[in-house]
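Peer 1: For reference, the chains in residue letters:
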Amino acid sequence: MSYEHQPDFGTSASRSAERVTLTIDGRDVTVAQGTSVLRAARENGGDIPSLCATDSVKAFGSCRMCLVEIEGRKGTPASCTTPVEPGMVVHTQSERLAKLRRGVMELYISDHPLDCLTCSANNICELQDTAAEVGLRDVRYGYDGANHLGQQPDLSNPYFLFAPDKCIVCSRCVRACDEVQGTLALTVDGRGFASKISAGQAADDFLTSECVSCGACVEACPTSALIEKSVKQLGKPERAVITTCAYCGVGCAFRAEMKGEQLVRMVPWKQGKANRGHSCVKGRFAWGYANHKDRITSPMIRERVDEPWRKVGWEEALAFTANRLNAIKARHGARALGGITSSRCTNEETFLVQKLVRAGFGSNNVDTCARVCHSPTGYGLKTTFGTSAGTQDFDSVEHADVMLVIGANPTDAHPVFASRMKRRLREGAQLIVIDPRRIDLVKSPHVEAAHHLALQPGTNVAVLTAMAHVIVTEGLADEAFVKERCDWDEYQDWARFVSDERHSPETLEPVTRVPAVELRGAARLYASAKNAAIYYGLGVTEHSQGSSTVMAIANLAMATGNIGRPGVGVNPLRGQNNVQGACDMGSFPHELSGYRHISDSAVRASFEADWGVSLDPEPGLRIPNMFDAAIDGSFRAIYIQGEDILQSDPNTQHVAAGLGAMELVIVHDLFLNETANLAHVFLPGSTFLEKNGTFTNAERRIQPVRKVMEPAAGMEDWEVTQALANAIGLGWNYAHPREILAEIARLTPSFAGVSWERLEQEGSLQWPVNEANPDGSPVMHVDHFVRGPDGKGKGRFVVTDYVPTDERTGPRFPLLLTTGRILSQYNVGTQTRRTANAQWHEEDLLEIHPTDAENRGLKTGDLARLASRTGETTLRVTVTDRVAPGVVYTTFHHPATQANVVTTEFSDWATNCPEYKVTAVQVMPSNGPSEWQHDYADLTSRSRRIVADAREPAE
Amino acid sequence: MSGTAQSVVRMANQIARNFAALGDEAAIAQTAEHIVLFWDPRMKATAFALDPVQFSPIARAAIDRLKAGIEGADASVD
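If you read the protein sequences in the order shown, they are chains E and Z. The numbering used here puts the first sequence at residues 53 to 1007. The numbering used here puts the second sequence at residues 4 to 81.
Just chain E, same shape as in the assembly (with noise of 0.2 Å):
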C-alpha cells in the first residue's frame, strides 16, 4: 500500500444512537442523526468536494464548495451545515452544481500560485484535488489582477512553516486553534480581500504569539500553507504507521509517517481513542533526539568511574558486567543486587527487566520511576478503591460538569488532555482549581475556574479534609451512594472524624492560607454537581503526606457518589508514557504484576511454576532505601532501565552517594545521561521508534508500539535485557515482545484477554481485561468496586490526619520551593533539550513574586542563589505574581541547574515517594554559579571521555 492521507469526513461524527436513512445520487444511505450530509456521502463510499471542511472542527460553510441540490428545497445548501433528514434526496453532482463549484474554484485559483511540481504540498494537497475533482481547466480572470503572491513566508516555528501565498484563507487552522487546540493564537486579520491569517498581535510571528506549536493549525490546513518544514525537505511519505508517543502518560495515538526509515512527519492518529486526533509540541515534532548525534550507540565499560569509557563489543560488555554480577552475588548474597524499570520503556520490557532481578539476580530489589511521582496513587488507590490506577478513560470529561484539579499542571505536562478539558469547559462545565500557584488554567481564553485554591504549599490534606467537613456538616454527601457502594461503619467513623470542629475552614485557614469562604464554595460546587470528576498530579503526591491526600481524593469522591459512570472519577494524570504500564508489571519491591503481594504464596507459586525459581517472599528494597543500602555496604549492583536517577531523584548528593559506593552501575540509555557519570557498565537503549511493544496511559489504556527504524545500537531494549540474562545463565528465549506479552498475560488476572493479536485488531484495550471485562474496562468501579478476591467489593473510607511536613521555613530558609514542568521540556530534558524546543525553554528559572523579589533587590534576568539545607545553585529569576508571596517555583530540565541539588530526602510516609514539592529554601542575588555546579561541569566532562578500545588492531 502506498501512503494515503487519514479519511476527512469534513464533519464530525454524530454521537446519535438514532438513525436516518436518506438518498444520496439514488442510493439509500443510512447514518447517525445529526450527521451532515457532506458526512453522510462521505461515510458511504462517496465525496463531495470540500475546502473549508474538516472534520476535527465544527462545519463553517464558507467555501462553497460543496454545495449539493436536495429536493422540495430551494437553491444550492453547503452540505457541510445541512443535516440529514429521513427521506431527503440529495444529488451531489449535476450541471448546475459543477459550474458554480468550477467558477469558485476559478477565483481561488486565480490567486494561487501554480508552482503545483515544486510545491511541499504536491500531492498531498486538498486545493489540488478539489481542482481535479471539479475539473478546472483554464482561468478566464488571468494572473494580473490583485493578488496576495510573493509574500514572505514566516519561518520563525522550528518545526513549520506559514507561507501566506499559499493560504485560502479557509480559516481551518483559526478554528483549530480555537476549538481542538484552545489556545486561540490565532485570527483572520481583516476583511475581504485583506483578510489574512495572523498569529498573535500585529507584531508577532508564529514564535512570539501565544501559539504553543500544538500542530493543529498545520494538520488542518488544506494547503502548504501551514506545513512540517521536515515535509518541505524530505518530501511526501511512502508509508504510515501507527504507534504511541512516548512522552507523556495520555499516551497520543500518532502515524509515523516514513520514507524508509527516516521519519517525516507525526501526524496524531484520529482513530487514537486518547487523543482523538490531537497533539502537542513534544509528541508531534519533538523527535529529533532520536538520531541526534549525542546518542551513544556502542556498549562501554570501565573498571573505575574515574577511566575514560572503553568503547566494546557486546559480547565483552555482557561477560564484563555477567562477572562482576555474579561476583557481588557470591560475595553479598543476591539482596544485594538490583535494578530500576523505566516508565519509558515499554511493557514488555519493564516486565523483563523485574523478571531478570527477581528470577535471575534472586532479590525483590527491583522499584520503578513511579517510585518518586505516582507511588502514592498506587497505594492510596489500592487503600480505598482496590485496585491501583484510575477510574475513567479520556473520554469521561466530555460528560464532566465540575472538574475539580488539584495539584497538576494540564496545559503544560498533559496538554493533549487539557485541550480536551478546555473544550468542555468552554461548553460550560465549571472548574476548581487547588494549587499554590496560578496555572494556565485558572484563567485563560475561554476557560476561568470558579474557585482557584492557593493552598499553602503542604496543606493539600488540610484542605481537602476542610473540604470534606463541608461536605458531611452541610449535608452534601450523598449517603445513599455510599450505603449501597462503601463500608458504612468506616464511613461514618470518617464522618466523624472530617466533622470536627478543628476541621473547619476557618480554623484551619491560617494553616492552608486559603479563605475559608472560598473552601466552602469551592466544596459545595463539587458536591452539589451531577458530575463532578477530580484530575490530580505530582502536586498530590509528591508531599509527606502524598498517600493521605490520595486517600483524601477518593474519599470526596465516595461521600458525593462520584464514582462508577462517565463524567465523575478519580484521575491520575499520569507522568512518563508508561509509569502506569511500569506499575502494573511488577516493578515495585512488594509486589509481582497486577498488584500482587510478594508475600502471597500462591501467586507467588505461580511465578515460580512458570518460570522455573524460586522468589524471594520478602519484599526487596525501594529505590531511596537502595542508596541507604549501598551506602551501609549492604546493596552493590544495579542495573538502570531508561531512568536518570542521578538528575531526577531528591537531594542528588545523597543519589550520588549512593551509586559512588556500589561496585557495578550498569546504565542502560540512550545518552550518556547523568547517572552514567557513575556508572561502570553503558548498554546502549533504543527509542520507541526501534522497537516493538506496549506502553499503557493513565487511562490503563494498552497501545501499541511499533517499529519504525532498526534500533541504531543493533538491538531493543528488551533484546538487550535477554541478553544480560543470558549472560548470567537464565537461558531465555523471546523472540518478540508479543511472547512476553502472553508471557504477562498468563500471570496476571487483569491482563488476561490482553495479547499482540488483539491489539492488532483492536487498536488499545484498557485493563482489567477478563472474564468479568471481556472487552476491557473504560470505567471503573461500575457496580462494584474492584477490591478483593471477588472483585466486588465495598469502599473503604480513610481517616486522613493533617500531619505537618518536617520540612519548615525558618529564619535561614524563609521561602518554600515547589518544583514542576514547561510544555517544550520533558522531565528531566534528556530527549526534549536535544530537539528545537529548546528554543522555548533554554534554561531552568525561579519564578518568585514581586514583594519577595524587591525584598531581595533580584527583577527578572537576575542570576540568584537558590539554597536549601541540603545544596544550592544558581539559576536566573522571573518574578511574577503568579507564584504566592513566600512561595518560590521552577522546572528540573536542566543539569546545569540541577533543582533537585536543593531537594531534600524527606518522602511520603506510606511510599518513599520524595517530597519535591516544599523544600525550604532562601534566594539571594549571585554572581555565577554555585561551587557545586563548578564542581559538577568537572565532573561530568571527566567521567564521559570515551576511548576507543585499545586492543582494535591497528589498521
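One thing to keep in mind: the hints can contain errors.
Short derived list, chain Z residues pointing at chain E, Cβ under 7 Å [to be verified]:
1. T7
2. S10
3. Q17
4. R20
5. N21
6. P44
7. A48
8. F51
Keep in mind the hints are simulated off the structure, nothing from the lab. Think of the CB as a built atom: it goes at the ideal place given N, C-alpha and C, for glycine as much as any other residue.
Once you have looked at the hints, place chain Z on chain E.
Peer 2: This is chain Z only, laid out in the frame that chain E set:
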C-alpha cells in the same frame, strides 16, 4: 548513624504519626503491618537493633511487637 538507620527511624516515626488518628491500638497494628508489607529485611533488622528511645511510642510498640514475633497484623494482602 548509617544511611539505613537514619532513614528507618524517620520512616517508622512518620508512619506511626500518620496512623495516630486511629487511636493507639489500631495505630500500632497498622504501623506494624505497614512495616511487614513494605520494608526490606535489612531495614527491619536495622530497626530491631536500634536504641528504642529514638522511636515514638507507637512506632516503638509496633517494632517491639514485630521483634517479638507477635505480628499485630496479618501480613497477607487485602
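Peer 1: State for each hint whether it applies.
Peer 2: Taking the hints in turn, this is what the structure says about them:
1. T7: holds (4 Å)
2. S10: holds (5 Å)
3. Q17: holds (4 Å)
4. R20: Where the cut-off is 7 Å and the nearest Cβ of chain E is about 5 Å from R20(Z), the hint holds.
5. N21: holds (5 Å)
6. P44: It holds, given that the least Cβ distance between P44(Z) and chain E is near 5 Å, below 7 Å.
7. A48: violated (10 Å)
8. F51: violated (14 Å)
In the structure shown, a violation is registered for the earlier hints numbered 7, 8, in ascending order.
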